[in-house]
Amino acid sequence: MIAPEAARARRRLAFALTLASVVLAVAGVMVGSEGWRPGALADPGLRDVLWNIRAPRTVGAWLVGALLGLAGALAQGLFRNPLADPYLLGSSSGAGLGVVLVLAAGATQGRAIESLAEDALARLGLVGAAFVGALIGVALTLALARGARQSTGLLLAGVVVGVVLGALADLVTMASPEALRGKQVFMLGTTGFLGWGACGTLAIALAITLPAAWRFSRALDALTLGEDSARSLGLPLGPVRALLVVLLALATGAAVAQAGLIAFVGLVAPHLVRRRLQAPHGTTLVASTAAGGVLLLASDVLSRGLWAPQELPVGVLTAALGGSFLLWLMHARRTS
Amino acid sequence: MTRHGLSVLAAREVSASLDDTPVLHGVSIELPAGCWTAIVGPNGAGKSTLLRVLAGLVPASGGEVLLRDRPLQEWSHRERAQHVAWMSQQHGEGAADLGVRDVVHLGRLPHLGLLGTPGPEDERIVQRAMAQTECAAWAHRRMGALSGGERQRALLARALAVRAPALLLDEPTTHLDPPHQIALVRLLHRLAHDDGIAVVSVLHDLSLALQADRLVVLAAGRVKAEGPCDHAPVRDALAEVFEHAIRIVRVGERWIAIPELAS
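Residue numbers (the working numbering), protein chains in the order written: chain E, 1 to 336; chain C, 337 to 599.
Hints listed in this document are in silico derivations from the structure and should not be mistaken for laboratory results. The structure displayed is predicted, hence computed values, not measured ones. Glycine is no exception: its CB is placed at the ideal position from the N, C-alpha and C atoms. Just to be clear, a hint being listed does not mean it is correct.
Covered, in the sense of this in silico footprint (three residues per stretch, anywhere, with C-beta under 8 angstroms from a C-beta of chain E), are these stretches of chain C [as the list claims (entries may be wrong)]:
hint, stretch
1, 376-383
2, 476-489
3, 529-537
4, 540-549
Which residues of chain E face chain C? A partial, calculated answer using Cβ under 7 angstroms [said to hold, decoys possible]:
hint, residue
5, GLY226
6, GLU227
7, ARG276
8, PRO280
Input sequences plus hints: build the corresponding full structure.
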């Protein structure tokens, strides 16, 4: 039983996110360099474009955004820090380094990047490497910031870790030209290469991380009362935190391995949700997931449509939009 | 009534440090069931630290804490949490997005664990806890929309919802207006005398603390006196640790503290 107003706000948000997802999905199938015309489905060439390029790209963009939105909501709840986000925490750049290392290793064995992108086992390897990289990235950032209490300290540590891991990734790609091509494919922050295989991997990652995060969300609620209060409630804080960091890294790793570095979706989605709905973490985690999906899919449709038939990498668009949002957020925090 | 065996929580020669600074020096107290004990003393006496050591949140560097005659560290986290409820001095600002009812439900975590789902019995206990601290009327409001006193009553209900045999409260009256302070004193009496709980509170407001069944007078990390306010040594210790800035006088059946303004 929840308050009538809260239930109304919850229903309104659920309706808005569902509607936006459906409308954007339709738009995602219709927008692209080949355009759309009545009777398109009768044309085998265009039908192939719709089914094999636009549809998986649309579904994949939503799933990548959803994973990033979930990772952001987890990070903000876990570190009790409104500026926490997979990109700013160094987990994205860690995941990126993991991907580049796998690409370079594949290249030394004479394997083409394309086969890596299509082979299911290789895809799993990419996600695994991105996951480990994301874990290492978060761990480095937390160690450098000595915990997550100080917003500026955490932000600074995240930037340092991001730059260092990014430089390492650059070094690896310089040593391996084949990996450089792969890096362009994977690291631009683009939804342009998402096929049905990638959608499957992303869906599995979301099917694991979202229910698990939701199951443990009461620990995040308890942490809002303060660490000691949470401990006095008998919560094993160490293991619970570690598990949530693993989920955060898995969500980030899966997203980065398929779509590269896409900034700020993880930061913005939970904020947009909380402006509409103040609720326990179980609800905001699910809503942030959906909001992340809507945000990235909207950016994807925009990036395809703005200068059609030319296309903007979606990572560039989210960075521009999200960067402005971060500036506004920091300004609002300073004036409040 | 013998004290031994009735004690729910006991500290034996407990010493503790915060950031390498010794705060408690060989503190021994018994906290019997069915009794409200108020810990009083000047700033920096170690009152909150003592409460945290009793709750198992700060380790004792010497001596031991016994819960039901068994060392506290031998209990699992969850068992300890089921037996000892603790309410912090913090006032729940971080929980702004949670509803009052969500917060009170967190008190059932020690019994349900993270993965359990609350049943009708948990719901009944949560309702009762909210009724006891008079927050049932705004159970659906967000913590962020409440006044400091209202938030404090919600947090108190959270501690009550644990239904622990030992209830440790750190400054539970800070934000309460006089009617609610008095309601709290009555509630603590009822919890101790009717429900048989060992209630322990740290209180700055001496006049409220003097209404407790027993006082523990703490200064510089040591127990100066303990017992009911009727005992002259307890009153003497109080006057001494507060540098004779207060006078304790009897009004009818009660003791009250008044400021000593004449120098």
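Hint check:
1. Counting residues of the stretch 376-383 of chain C whose beta carbon lies closer than 8 angstroms to any beta carbon of chain E gives 0, which falls below the threshold of three, so the coverage claim is violated.
2. Closer than 8 angstroms: that is the beta-carbon criterion, and the stretch 476-489 of chain C has 4 residues meeting it against chain E, so the requirement of 3 holds.
3. Counting residues of the stretch 529-537 of chain C whose CB falls under 8 angstroms from any CB of chain E gives 0; the rule of at least 3 is not met.
4. With 0 residues having a Cβ less than 8 angstroms from any Cβ of chain E, the stretch 540-549 of chain C misses the three-residue criterion, and the hint is violated.
5. Residue-level restraint check for GLY226/E holds (minimum Cβ-Cβ distance to chain C is 5 angstroms; threshold 7 angstroms).
6. Checking GLU227/E against chain C by beta carbon gives a least distance of about 9 angstroms; that is not within 7 angstroms, so the hint is violated.
7. Interface restraint check: ARG276/E against chain C, minimum CB-CB distance 12 angstroms, threshold 7 angstroms, status violated.
8. Nearest Cβ of chain C to the Cβ of PRO280/E: about 5 angstroms, under the 7 angstroms cut. The hint holds.
Checked against the numbered hints above, the structure breaks hints 1, 3, 4, 6 and 7 and satisfies the rest.
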